[in-house]
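> Residue numbers (the working numbering), protein chains in the order written: chain A, 1 to 181; chain G, 1 to 359.
For the record, the hints were derived by calculation from the structure and aren't laboratory data. Mixed in with the good hints, there may be bad ones.
Below, computed lysine to aspartate or glutamate pairings styled on EDC-like, alpha-carbon distance capped at 16 Å [as the list claims (entries may be wrong)]:
id, chain 1, residue 1, chain 2, residue 2
1, G, Lys-185, G, Glu-45
2, A, Lys-32, A, Asp-101
3, A, Lys-32, A, Asp-107
4, G, Lys-185, G, Glu-216
5, A, Lys-33, G, Glu-45
6, A, Lys-33, G, Asp-303
7, A, Lys-32, A, Asp-66
8, A, Lys-32, G, Asp-148
9, G, Lys-328, G, Asp-303
Please read all numbers here as calculations on a predicted model, not as lab measurements.
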Amino acid sequence: METNLCIAGFGGQGVMTMGKFLADATCNATEKKVTFFPSYGAEQRGGTANCYVVISDEEIGAPLGDVMDDLVVMNAPSLAKFLPILKSGGTLFINSSIVSDDISRSDVKLVKAPVTEIALEMGNAKVLNVIMLGVYVGYTEVLEPEVVWETIKHKLSSKPKLLPLNKEAFEKGLVLGHSQK
Amino acid sequence: MARLFMKGTEAVAEAAVRAGCRFFAGYPITPQNEVPEYLSRRMPEVGGVFIQGESEVASISMVYGAASAGTRSMTSSSSPGIALKSEGISYCASALIPMVYSNFARGGPGVGSIQPAQQDYFQATKASGNGGFQMMVFAPSSVQEAVDLTYEAFDLADRDRNPVCILADGVIATMMESVEFPPMKSNVEIDAIKESKREWALVGHDFEKEKRAWIEPGHWQTKDMQKANEDAAAMYLEWEKDIRVEEYGLEDAEIVLTSYGISARVVKSAVSILRAEGIKAGYIRPITVNPFPYGAYDHINYDKCKAVLNVEMSIPAQFGVDVKVGVKDRCPIEHCLCSGGNIISRNAVLDAAKKIMKG
Numbered sequence: 001m002e003t004n005l006c007i008a009g010f011g012g013q014g015v016m017t018m019g020k021f022l023a024d025a026t027c028n029a030t031e032k033k034v035t036f037f038p039s040y041g042a043e044q045r046g047g048t049a050n051c052y053v054v055i056s057d058e059e060i061g062a063p064l065g066d067v068m069d070d071l072v073v074m075n076a077p078s079l080a081k082f083l084p085i086l087k088s089g090g091t092l093f094i095n096s097s098i099v100s101d102d103i104s105r106s107d108v109k110l111v112k113a114p115v116t117e118i119a120l121e122m123g124n125a126k127v128l129n130v131i132m133l134g135v136y137v138g139y140t141e142v143l144e145p146e147v148v149w150e151t152i153k154h155k156l157s158s159k160p161k162l163l164p165l166n167k168e169a170f171e172k173g174l175v176l177g178h179s180q181k
Numbered sequence: 001m002a003r004l005f006m007k008g009t010e011a012v013a014e015a016a017v018r019a020g021c022r023f024f025a026g027y028p029i030t031p032q033n034e035v036p037e038y039l040s041r042r043m044p045e046v047g048g049v050f051i052q053g054e055s056e057v058a059s060i061s062m063v064y065g066a067a068s069a070g071t072r073s074m075t076s077s078s079s080p081g082i083a084l085k086s087e088g089i090s091y092c093a094s095a096l097i098p099m100v101y102s103n104f105a106r107g108g109p110g111v112g113s114i115q116p117a118q119q120d121y122f123q124a125t126k127a128s129g130n131g132g133f134q135m136m137v138f139a140p141s142s143v144q145e146a147v148d149l150t151y152e153a154f155d156l157a158d159r160d161r162n163p164v165c166i167l168a169d170g171v172i173a174t175m176m177e178s179v180e181f182p183p184m185k186s187n188v189e190i191d192a193i194k195e196s197k198r199e200w201a202l203v204g205h206d207f208e209k210e211k212r213a214w215i216e217p218g219h220w221q222t223k224d225m226q227k228a229n230e231d232a233a234a235m236y237l238e239w240e241k242d243i244r245v246e247e248y249g250l251e252d253a254e255i256v257l258t259s260y261g262i263s264a265r266v267v268k269s270a271v272s273i274l275r276a277e278g279i280k281a282g283y284i285r286p287i288t289v290n291p292f293p294y295g296a297y298d299h300i301n302y303d304k305c306k307a308v309l310n311v312e313m314s315i316p317a318q319f320g321v322d323v324k325v326g327v328k329d330r331c332p333i334e335h336c337l338c339s340g341g342n343i344i345s346r347n348a349v350l351d352a353a354k355k356i357m358k359g
């Protein structure tokens, strides 16, 4: 069993961090093989950023697969760019706050999450990636939520003030993801 | 030790520290900036020295100096940066100075692209500078292997008094993977390594001329230069015993895929898929690309093998030229290539293999 995930969005939306949290949690808490591969050019905040996470029971061949089982899209340009590589029957997670385009494919499952709006309601736009991570984990159950939270907690250990906000963000995402199963 | 989840660049840097490397000089270039970044933090923690030189040439020259003083030393760069360092690498080879460098290769030629490539194969294996010297060149295909080979590279460099190259690429550099580290060499061990170089290294010698150590990247007398070339050539022949290669399924293979480094792991997964689909595919992955395991290609059953498929991230093929030497016209060689920063696609490899099997 191998899961190929692509997370794509604007630079600054935390797509790399989201991928790293997920991959790191997999490494820490399971016996599975995992790779994280960031793809970026000479880009900066506001440019496009995307990363690939592969989680597998077997040795991983390509850290950058040809087709994705899951695709997380945080902005509209990424939808156009990456939708073609989502496999038939795969799952598309969109940031429905800013990705309003009609999805041109009917052969994929769609999970909508208005993570920008939720983050703004919570008073900190930066947590949208942690909400989306919650949505992804809640929907796919790829890992136990506790395991993922432990990793987030560890990664944020130098900024303990941010923990309650991130916990709330992650939990909101979990509920939202789980509700769309 | 628990496994850690780390970037290839940082893992290679930590492996060097654990192997007793206490001097690093480098100059920034994508996609390996995390090597100097990591070591700028880490070297002071272990009493080592980190220097960001004013250029690539300065950095490699500092490594030449530090290694001449008996300290395990390293530099790192990416393709165009390695080209600039070639003068110093050649000087180290000529002066019999052990050092390790890593090349996290990107697209070329020239400034090329900042994305991963395998276009420095000839540069690494045939001519990393002037004068026809050779180095052992390791080509890791995972972060773990990059760690293990870097750790060992320092021993081999010291054994041979010669540079050793870790030939990786931008994927190994930037990807994160789980890794377990070899043990940290103690200060006692590091001191003993330095002491073992007393005969030739600049570790403090008596003033009398015959007792001095003498480091020189060349010889004034042509007979001395030729003698140095002959000694080096004899050493290169001894590397036969150090050849490392991974082989799979060659006895009954109807098609053999061959590749190295990052491409090889993609190829390996393609071979499992082909086998699962009933195609008898085999696999050869050189881990040392110099010395090159030409003999591995003698293990192919040429009565059954229709073709060898060479897979690499270089257009035109470079690794494929060594494969041709190994195959010796015993069957056709086909190529599946990409270049310029594009990463090899498993589907492209599968398509190329299936096309051969149908043809």
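> Hint by hint, say whether it matches the structure.
Taking the hints in turn, this is what the structure says about them:
Distance hint between G:Lys-185 and G:Glu-45 is fulfilled; the C-alpha atoms sit about 14 Å from each other, no more than 16 Å. Only pairs whose Cα atoms come within 16 Å are accepted, and A:Lys-32 paired with A:Asp-101 is rejected, the gap being roughly 36 Å. Taking the CA atoms of A:Lys-32 and A:Asp-107, the gap is near 29 Å; set against the 16 Å cutoff, the hint is violated. With a C-alpha separation of about 30 Å, the suggested pairing of G:Lys-185 with G:Glu-216 is violated against the 16 Å cut-off.
Of the supplied pair hints, the one linking A:Lys-33 and G:Glu-45 is violated, its CA atoms being roughly 31 Å apart against a limit of 16 Å. Only pairs whose Cα atoms come within 16 Å are accepted, and A:Lys-33 paired with G:Asp-303 is rejected, the gap being roughly 37 Å. At roughly 21 Å between alpha-carbon atoms, A:Lys-32 and A:Asp-66 are farther apart than 16 Å, so this suggested pair is violated. Distance hint between A:Lys-32 and G:Asp-148 is unfulfilled; the C-alpha atoms sit about 21 Å from each other, more than 16 Å.
Of the supplied pair hints, the one linking G:Lys-328 and G:Asp-303 holds, its CA atoms being roughly 14 Å apart against a limit of 16 Å.
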